[in-house]
Structure formats: structure tokens, C-alpha cells
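2 protein chains.
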Amino acid sequence: MLTPDRISLNTATVKAQWNLQQCIDGCLRHGFGGISPWRDVLQAAGVEAGAKAIRASGLRVSGLCRGGWYTAEGALTQAVLDDNFRAVDEAAAIGAECLVMVVGGLPAGSRDLPGARAIVEEGLARTLDYARTAAVKIAIEPLHPMYAADRAVVSTTAQALDICDQLGAGIGVALDVYHIWWDPEILAQIKRAGRERLLAFHLCDWLNPTRDLLTDRGMMGDGVIDIPALRRAVEAEGFTGLNEVEIFSAENWWKREGDAVLAEILQRGQSCC
Amino acid sequence: MLTPDRISLNTATVKAQWNLQQCIDGCLRHGFGGISPWRDVLQAAGVEAGAKAIRASGLRVSGLCRGGWYTAEGALTQAVLDDNFRAVDEAAAIGAECLVMVVGGLPAGSRDLPGARAIVEEGLARTLDYARTAAVKIAIEPLHPMYAADRAVVSTTAQALDICDQLGAGIGVALDVYHIWWDPEILAQIKRAGRERLLAFHLCDWLNPTRDLLTDRGMMGDGVIDIPALRRAVEAEGFTGLNEVEIFSAENWWKREGDAVLAEILQRGQSCC
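Sequence order for the protein chains is A and B. Just so it is clear: in the first sequence, position 110 is 110 by my numbering, and no numbers are missing. Just so it is clear: in the second sequence, position 265 is 265 by my numbering, and no numbers are missing.
It is possible that some hints are incorrect.
Same chains, same names: a pair is fine if it fits in one copy or spans any two.
As the list claims (entries may be wrong) - Within a straight-line C-alpha distance of at most 25 Å, the following computed SDA-like cross-link-like pairs (lysine to any residue) qualify:
(1) Lys191 to Arg256
(2) Lys255 to Arg211
(3) Lys255 to Asp89
(4) Lys191 to Gly115
(5) Lys191 to Asp162
(6) Lys191 to Asp112
(7) Lys191 to Ala158
(8) Lys191 to Thr215
(9) Lys52 to Arg66
(10) Lys52 to Ala169
(11) Lys15 to Thr210
(12) Lys52 to Gly109
(13) Lys191 to Arg232
(14) Lys191 to Ala250
(15) Lys15 to Leu28
(16) Lys52 to Ala233
(17) Lys255 to Asp212
(18) Lys15 to Gly221
(19) Lys15 to Ala93
Hint data in this document are derived by calculation from the structure and do not stem from the laboratory. Please read all numbers here as calculations on a predicted model, not as lab measurements.
Using the sequences plus the hints, can you model the full thing?
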């Protein structure tokens, strides 16, 4: 059971309904403990103004979504790195507990998965160097293997932790139950990660059937993921971050009134998490 | 480059177009080295008559698809086991080089992934006992993690090989590039499998974008999988089985004339594999 103060709202959950200020107001109205904005939502509000509004709210900021996409231009470019440095600055400005990294898929026209992974590792290393100067933590989000081509060539928690082990302090993982629930090694890898590497924990659910690869995520309790088991595992390692709810749902939750979505999240937090 | 004699036709590739006899005739007409029927296609022809037709063709039989589905009735039932024993008998009847196992997803209404995996392991053990008496090899097919809920709770090659190691001789893996290409450990796991455990190798491609979780597989060369690298890896272990082409494609290849599909497979075998 999750009390509201243990829950954070990822703004993508109501991306069709609310701008940043509406998300902040909604979180306060419903007693959420925190918020996690996407960069486009933050930038639409203006980074400085948005950061001021977030700080004034007193909400915790469980993350900023998202940096990464290192393979966007094929070889790692300065433009891609600069955008990641700006993401670090934005994370610092809003006091985010981490900058979540969706690392990027295969470059256009490429089938070279090892090559793409090398680009990603170099990009993460360069971003981490910068992030350390800003005291921002970098959180690699392993994405479900069905996104290996188009979004993230880091597909498992083990793979993300291997990168962390190479890069040292200041980097860890953002674990979203949607991406990791199927992994036979997940409990062992959560233990391996430990408190230092567990930087974010995201909630939603895997619907069966799933009708779209990207925008058919479920509300907690509507799918097949054993969320309490995963939450127990991260908390057993000492994770004290918030439970961030991030639901991409074009045909359901994005069509509902924002307050109804937040109310349902709190109810499911009590009954299903 | 694959010569026709190194290619096997999985009947699902032309499931909308051809029955078993038409598949056999098509394979012979185009010079394919083998065939791999699905059970429903074999049963539609009559197992005995179908087996006779296959043997008369002189085609190799790279597999029978599929046994498994151990979680279909929740706990493992005798009915499910009996169906698997029948699948073993059918594999023996057609001289299949292995019986491919799609092990089953979560039982209806369940979120208990470890429990489902235990059911599957027990089912595989019981089937293997029977298969050994019939000299049929059992091939666990790890399915892409996006099928963990509805089709297979065995999602990685490492997990499948762990089961094989527990069960001993007569069991191995069927590796389909579609299911394994994203796996950061795949080359190491192919090496771990070695010749004894590598029982089948299936080809198709991962399209980007993928529009449907089940029926939007691509023809080799139309997607992002580095097929030659995976083929080199299995052949480096001494795999001498056929390259079985299995493409589920509701909107494309299932709508084309069967001979055109087979001709395209041969062309792609030369240019993209």
C-alpha cells in the first residue's frame, strides 16, 4: 500500500490534459509527494519559470525525463552532447533527484547493435563528467527489448549496471516495472544495484493483450505485473525515492479528466501496489 | 549467403495461402532443403497421411511447431501433458529434428511469474521423459519478452539454457532471431549452448516501426536484425541444422502468392543472411 506522499506524478501520465502548472497544482490538490516533468513540458513553461514553480510547490522532484538519444545523429555529435548538458542543467534547476536517460536506439539504417551500444556508453561517460560538476545523478533507464530498435539499445538491468560499473559514481538506474517485469534476473539485479544505483522506480502495468507497442500501458492493477514484489525488492535495498507513475495511454487515461486520473492513481496505490 | 538447400520453410510463413501438401510441393519446386510444419497444418492433412507425404518428399524436417503451453489450464494438467505427448508422437512420425516448445504465458488472471515458470519446468521435464523414449529432441524456444504475459514465460536464451542444464540430455533451444536479437548476452549464450543444445535456428526480421506485437514480422533484410552475425555465431558452434524461415505477416507476406513468397525467401537468403 502506497500513501499519496510516496507517489510522484510523471507528467507524461497526463500529457494530453495538463501543462506543467496544472500538473503541479494537481499534485498539490491530491497530496502527491512529488512530480517528474518531461523536458518538453518544462520547456513549454520556460525552464526558469517552471523551476521556480516547482520549487515553490514543495514537491519532491523524482526525476527529469529525459536525456540520452545518443544515437540520434549516428555517430556521437557535439549537438547531441550539448543537448544532454542542457538536460543536466535543467535537472539541476528543478532539483531533480536524477536525470533519466533513454539512451537511443539503432542509428537510422543501421543494424550494428554493438556499435550503437558503444556510442551510448561514450555519450553516457561524457554526460556523467558534466553531471558530476552539477551534482546531478544520471539514471540509465533500461527499456523493454521491444524498443531496442527505435528507443534504447540498453534493454536489461544487468546491461545498465554493467555500464554503471564501468563509469563509477554518480550514475545508476531508473527501473520502470513495465520494462523489467519479465526479466528472469530482475530480483538478482535489483540486489546487485543496491541503494547507490537505484535512482528511480516507475509504476504502470502491462496489459494483456497489449494493442500498441508504445501507448497502451495500463494503470497499476489492470495488468499482469506483480508490482508489490518489485517494490519490496527495491525497498529491501534501501530505496527511499518516490514511486513515480508514468502511463502512456492514448486510448484510455489520456482521454480522461486529469483529476480523475490522479484520483485513480491514489486509489490504485492503496489497493494494487 | 544461404543456398536453397540450407533453407527450411516454416509453414506459418504461408499459413494464409497453403495447406501442407502445397507447402511440400512449393518447397520441392523451389529447391528448399526442408520444411517445418505447424501441428494444425499437419493435423488438417491427417498426421499419418501428412507424415507419409513429408517422408516421400525427401525434405529434411527442421522441426515441428509446437508443443508447450503448459500454463494453459493454470496448474499442469494431464490433458496438457497428453497433448504434449501427442506432439512428441507427431514429431516422431514426421522425423522432425526437434519439437519446438512455446512454453506458455501467465495463467489467466495470474501475476505469478515464478509460479508459471515452475509449471513450465515441470511440464518440460515430464515431456522430456516421454520424448526420450521416442528419440525426439525437445527445443525450448525463448520468446521475445513482449510475449511473457500471453505466450512464453521463458524470455531469454540464458533462462532456457538454465532449464536445459537442469534437465540433462535430449533438450536444447530453438533460437529465432526475432526473439533474441536484442539480447546483450546472446553471443555468449550461443557459445554456452554449443552444438548439443542448438537444435533449431529461425529467420525473419524485426521491422522498425513494428505495428503489431504478433503479426508484423519482416522478411530478412527488411528490418534491423544483423542476421549474418547471428548465423555465424550458431555455425561457429557446429550447428548444421537448416535456416528455418518463419514470418508472421498479416498485412504483407500472408497476402502474397505463395510462390512469390518462396522466391523472395531464396533471394533474401542469398543477399541478406
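Hints and how they fare:
{"no.": "1", "hint": "Lys191 to Arg256", "in the structure": "neither (37 Å within a copy, 50 Å between copies)"}
{"no.": "2", "hint": "Lys255 to Arg211", "in the structure": "both (16 Å within a copy, 22 Å between copies)"}
{"no.": "3", "hint": "Lys255 to Asp89", "in the structure": "neither (33 Å within a copy, 52 Å between copies)"}
{"no.": "4", "hint": "Lys191 to Gly115", "in the structure": "between (29 Å within a copy, 21 Å between copies)"}
{"no.": "5", "hint": "Lys191 to Asp162", "in the structure": "both (14 Å within a copy, 20 Å between copies)"}
{"no.": "6", "hint": "Lys191 to Asp112", "in the structure": "between (31 Å within a copy, 20 Å between copies)"}
{"no.": "7", "hint": "Lys191 to Ala158", "in the structure": "both (11 Å within a copy, 19 Å between copies)"}
{"no.": "8", "hint": "Lys191 to Thr215", "in the structure": "neither (30 Å within a copy, 37 Å between copies)"}
{"no.": "9", "hint": "Lys52 to Arg66", "in the structure": "within (19 Å within a copy, 59 Å between copies)"}
{"no.": "10", "hint": "Lys52 to Ala169", "in the structure": "neither (29 Å within a copy, 65 Å between copies)"}
{"no.": "11", "hint": "Lys15 to Thr210", "in the structure": "both (20 Å within a copy, 24 Å between copies)"}
{"no.": "12", "hint": "Lys52 to Gly109", "in the structure": "neither (42 Å within a copy, 46 Å between copies)"}
{"no.": "13", "hint": "Lys191 to Arg232", "in the structure": "within (11 Å within a copy, 35 Å between copies)"}
{"no.": "14", "hint": "Lys191 to Ala250", "in the structure": "neither (34 Å within a copy, 42 Å between copies)"}
{"no.": "15", "hint": "Lys15 to Leu28", "in the structure": "within (17 Å within a copy, 56 Å between copies)"}
{"no.": "16", "hint": "Lys52 to Ala233", "in the structure": "neither (35 Å within a copy, 55 Å between copies)"}
{"no.": "17", "hint": "Lys255 to Asp212", "in the structure": "both (16 Å within a copy, 22 Å between copies)"}
{"no.": "18", "hint": "Lys15 to Gly221", "in the structure": "within (21 Å within a copy, 37 Å between copies)"}
{"no.": "19", "hint": "Lys15 to Ala93", "in the structure": "within (21 Å within a copy, 57 Å between copies)"}
In summary, the numbered hints that this structure violates are 1, 3, 8, 10, 12, 14, 16.
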